[in-house]
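Using the sequences and the accompanying hints, generate a full structural model.
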Amino acid sequence: EAGVTQFPSHSVIEKGQTVTLRCDPISGHDNLYWYRRVMGKEIKFLLHFVKESKQDESGMPNNRFLAERTGGTYSTLKVQPAELEDSGVYFCASSLGKHEQYFGPGTRLTVT
Amino acid sequence: QKEVEQDPGPLSVPEGAIVSLNCTYSNSAFQYFMWYRQYSRKGPELLMYTYSSGNKEDGRFTAQVDKSSKYISLFIRDSQPSDSATYLCAMSVSSYKLIFGSGTRLLVRP
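Those sequence lines, one after another, are chains A and B.
Per our numbering: the first sequence ends with 109, consecutive numbering throughout.
Per our numbering: the second sequence ends with 115, consecutive numbering throughout.
None of these hints come from the bench; they were simulated from the model.
The C-beta atom is built at its ideal place from N, Cα and C for all residues, glycine as well.
One thing to keep in mind: the hints can contain errors.
Residues from chain A that face chain B, not an exhaustive set, calculated with beta carbons under 8 Å [as the list claims (entries may be wrong)]: (1) E39; (2) I40; (3) F62; (4) E65; (5) Y71; (6) Q98; (7) F100; (8) P102.
Some chain A residues close to chain B (C-beta under 7 Å, calculated; not the full set) [stated by the list, open to error]: (9) A(-1); (10) F42; (11) H45; (12) K48; (13) E49; (14) F88; (15) G101.
Below is the structure:
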């Protein structure tokens, strides 16, 4: 069974540009999560989807971040416009109901 | 004060040693407790998942939860160089929104 996949693995953009990260969860997992780790800090929750609905977006830093999950399958996280402090590793995870969360390899975002 | 505290290490042990990794937390509502292993430039890999208090064993790994002390532990028996990684504890009230520790870097010397 394929795990959680994320694309791209690494993105380097300039301040003010837009970047879109993609996550494909494990097949059949209705729950999808986004997390972020900035340099020197712990991994922090951003938001949680159940199918296509946002259940909890309490961790989203500001309105420059937009997450979507059309059709309840893959999800995208768009940052527009990107700022220097958005640099970090963005992880996606998925779970089957109220169970273990499995993480993807992450997207390393560098904003210069 | 952070909700979850974890010593960053590094913790260096010889091959074959028993490793003890720990986290403390402040939120008594946490019910779900996990340990993840993360190799450099990879995503967190789930090792152990525990609900409420008690012990859970899986091969060389044992997870313990002491809710009265707000303290969780992961023990690794017969440690191997391949166990060298960062170990992250994570916990949750609902099992959805995970709160992570900062991770402990473990080095197992051959």
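Violating hint indices (sorted, rising): Hints 3, 4, 5, 9, 12 and 13 not satisfied by this model.
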